[in-house]
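All chains should be modelled from the sequences, with the hints used to inform the complete structure.
Residue numbers (my numbering), protein chains in the order written: chain A, 1 to 364; chain B, 1 to 364.
Treat each hint with caution, since some may be false.
[What the hints assert, rightly or not] With a straight-line Cα cutoff of 30 Å, these simulated BS3-like cross-link-like pairs (lysine-lysine) come out:
id, chain 1, residue 1, chain 2, residue 2
1, A, K65, A, K28
2, A, K213, B, K115
3, A, K214, B, K51
4, A, K112, B, K214
5, B, K213, B, K236
6, A, K190, A, K214
7, B, K115, A, K317
8, B, K51, A, K307
9, B, K309, A, K51
10, B, K317, B, K328
11, A, K115, B, K214
12, A, K236, B, K214
13, A, K10, A, K259
[Said to hold, decoys possible] What the simulated footprint calls covered on chain A by chain B, stretch by stretch (three residues with Cβ under 8 Å from a Cβ of chain B suffice, anywhere in the stretch; the number is not a length):
id, segment
14, 22 to 35
15, 77 to 87
16, 115 to 124
17, 198 to 207
18, 223 to 232
19, 237 to 246
None of these hints come from the bench; they were simulated from the model. The structure displayed is predicted, hence computed values, not measured ones. Where is the CB? At the ideal position from N, CA and C, for every residue including glycine.
There are 2 protein chains.
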Amino acid sequence: METSVMPATKVHNFSAGPSILPQEVLQKAALACTNFNNLNLSLLEVSHRSKDVVEMTDHAVSLVKDLLNLPEDYDVVFLQGGASMQFLMVPYNLLRTDGTAAYVNTGTWASKAVKEARGLGNTEVIASSEMQGFNHIPKGYTIPADADYLHITSNNTIYGTQYQGFPECEIPFVADMSSDIFSRRFDASKFSLIYAGAQKNMGPAGVTLAIIKKGILGKTGRYIPTMLNYQTHIDKDSMFNTPPVFAIYVSMLTLEWLKSNGGIDWIEARNKQKAEMFYGELDSNEMFEGIAAIEDRSRMNATFLLKNKNLEEDFNKMLKEANISGLKGHRSVGGFRASMYNALPPESVQVLVDVMKEFGKKFG
Amino acid sequence: METSVMPATKVHNFSAGPSILPQEVLQKAALACTNFNNLNLSLLEVSHRSKDVVEMTDHAVSLVKDLLNLPEDYDVVFLQGGASMQFLMVPYNLLRTDGTAAYVNTGTWASKAVKEARGLGNTEVIASSEMQGFNHIPKGYTIPADADYLHITSNNTIYGTQYQGFPECEIPFVADMSSDIFSRRFDASKFSLIYAGAQKNMGPAGVTLAIIKKGILGKTGRYIPTMLNYQTHIDKDSMFNTPPVFAIYVSMLTLEWLKSNGGIDWIEARNKQKAEMFYGELDSNEMFEGIAAIEDRSRMNATFLLKNKNLEEDFNKMLKEANISGLKGHRSVGGFRASMYNALPPESVQVLVDVMKEFGKKFG
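Now the structure itself:
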């Protein structure tokens, strides 16, 4: 069977997204392409309204609720269009025609969210780290009590920053958690709306998770096109129109993998261990320097530079020899980025750390 | 060879969508889940901006252009959200704030398209078969010369009707071809915009094709949110944000399968053959009656009723014994529906015809 064969060479996949998924998930995904649930049909060619697909989707929803310990008054839907479509759906659903939206700007994705909100109505950036190259998470700002909602981006993939704690927020609190959902314990009940593109910790590209507190919709006085209205998708259990079945299935498998290994407590400890391994080396190795402020460092995406840029080719060569993939920094920041999402094993981080050590010995 | 590894039991998959895909496509899709392009990485865990994925997407675009014989002045993009999101994007991009959109209403999906256009501006239904239960395609109407565009639905999955020819249209002509694109030869140059959810003839659920004539955008005087603007996706070659990589890949494989077997001429002849086999039996078997007007019958979805509804259970039992799947009619029409999309082999239609014959002998 082609699906039981592991890749011949182990690649250490530090890709920033779409990113590494557990091997057992990939094996099961492959099997479903030819024979889903022993139906003798591929998952790619069965109706989304068939019993097996509906049950699979329901199971994915309950895994989300279970893993995030969601209170009863939250709806969970699977959408399309990525976080970029959520940048639009959030103000469409929550920004009153005469209201104001409040945003914290912590990077490229937050800026794009601001732009879409501005297209619909009054939008204030109440805090920003843009002047400092988005190298930290702003703190100590005042959240306007009369704003319709506050929007934040919990982890910033490009700059390597992450909220270590969330501000106390008395107004509806909205978070783009695309790149760190399911990576650590947090109190979901503090949020009115959470959304996340799947392609980091949850699954493959092509599906977006939205978690919506009951009672927050229908208050804007705004006409909302059918597909942009969260209520449409809530009312039809994510099946108003054909959902991205395969992407939901792979997400469900990934959440099953997470749960069966010990859930959020297990993955949080493992992600902490990986981050400590990496940042420990970064801080003790004189060849490198970090980009993000130490107190806001992301456990998901570690951004760093070579102090001597002339050695970049040498470092890249050593990475390649060690089968390390996806370490190139985002073009807007440069340097390197080690994305250490849930499915990346600590062994891969160790291989990277070993290369950094060796690089230091050789060129230091 | 598409038949190299067949499932243990051959299921005749008449599902209305997501629907049958070629066996060789499913095999290749499975392989890509564990090892894409011999990278030792899954397609589900590599960056959409990696060389291999960009080349794969470009190849999918050129297959679309090639198979549809598109003139040079058309852009091809892969989007998310299904035809339902296109119902919104079309008026957002083409309906001037003080203009009028013209729609032909031929069923549930056309009605939904009308609804979204009405949400944005002045929208006229210039012809409709609603009063006759959408059992035919309206003809002989006048297309208003001052409308911003005319929108039609080329094939109506629920009612089993299909345009056998398209009206002459002097204004921008828009078609939802979700359920019959790539099934027959047509003159794409007559259209300003064509869109199609993939999950019938092109691939799995989760990706939507849009074909846009150059020069038609940017004329509405309307603010268009970033993700709803076709220009956004054209400018970034479908990679403004993370595209649904796997669904694009399976679509590319399906289009490769189509091309390697002889392209549109081959599939049109095969689809014609299948339709003649089925409708030939339907018209000669006294147990059944068709729903759609004969001259507008769809080659993709054949809708029919049992004259004696008390025999429904018996017919269903015989279908099941013959491993025929997905023949239940849509809940809004009832009866039966045989969806005969591109990948359905003529052999499966023959099995259905044989069951209908046997049913006639047994209960006639």
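Results for each hint:
A C-alpha spacing of about 23 Å is found between K65(A) and K28(A), which places the hinted pair at or below 30 Å, so the restraint holds. Between K213(A) and K115(B), the direct Cα distance comes to roughly 28 Å. Compliance with the 30 Å bound is thereby established for this hinted pair. Using a Cα cut-off of 30 Å, the hinted pair K214(A) and K51(B) is violated, with the two alpha carbons roughly 43 Å apart. Distance check on the hinted pair: K112(A) and K214(B) sit about 26 Å apart at the alpha-carbon level, within 30 Å; holds.
Taken as a hint, the K213(B) and K236(B) pair is honoured in the structure, with Cα atoms around 16 Å apart against an allowance of 30 Å. Proximity of K190(A) to K214(A) is assessed by CA-CA distance (about 13 Å); at most 30 Å being required, the pair is judged to hold. Between K115(B) and K317(A) the CA atoms are separated by roughly 57 Å; this puts the pair beyond 30 Å, and the hint is violated. Our distance criterion of 30 Å between C-alpha atoms is met by K51(B) and K307(A), whose separation comes to about 28 Å.
Taken as a hint, the K309(B) and K51(A) pair is honoured in the structure, with Cα atoms around 24 Å apart against an allowance of 30 Å. Restraint check for K317(B) and K328(B): satisfied, since their Cα atoms lie roughly 12 Å apart, inside the 30 Å limit. A C-alpha spacing of about 26 Å is found between K115(A) and K214(B), which places the hinted pair at or below 30 Å, so the restraint holds. A distance of roughly 36 Å separates the Cα atoms of K236(A) and K214(B); the hinted pair therefore is violated under the 30 Å criterion.
Only pairs whose Cα atoms come within 30 Å are accepted, and K10(A) paired with K259(A) is accepted, the gap being roughly 25 Å. Counting residues of the segment 22 to 35 of chain A whose beta-carbon sits less than 8 Å from any beta-carbon of chain B gives 8, enough to reach three: the coverage restraint holds. Using a Cβ-Cβ cut-off of 8 Å, 7 residues of the segment 77 to 87 of chain A lie near chain B, which meets the minimum of three, so the contact claim holds. Using a Cβ-Cβ cut-off of 8 Å, 4 residues of the segment 115 to 124 of chain A lie near chain B, which meets the minimum of three, so the contact claim holds.
Here the segment 198 to 207 of chain A counts 6 residues with a CB under 8 Å from a CB of chain B, which clears the bar of 3, and the coverage holds. Check result for the segment 223 to 232 of chain A against chain B: holds, 5 residues qualifying (beta carbon to beta carbon below 8 Å, three or more required). Figure legend: the segment 237 to 246 of chain A, annotated as covered by chain B; annotation consistent (7 residues with Cβ-Cβ distances under 8 Å, at least 3 required).
In summary, the numbered hints that this structure violates are 3, 7, 12.
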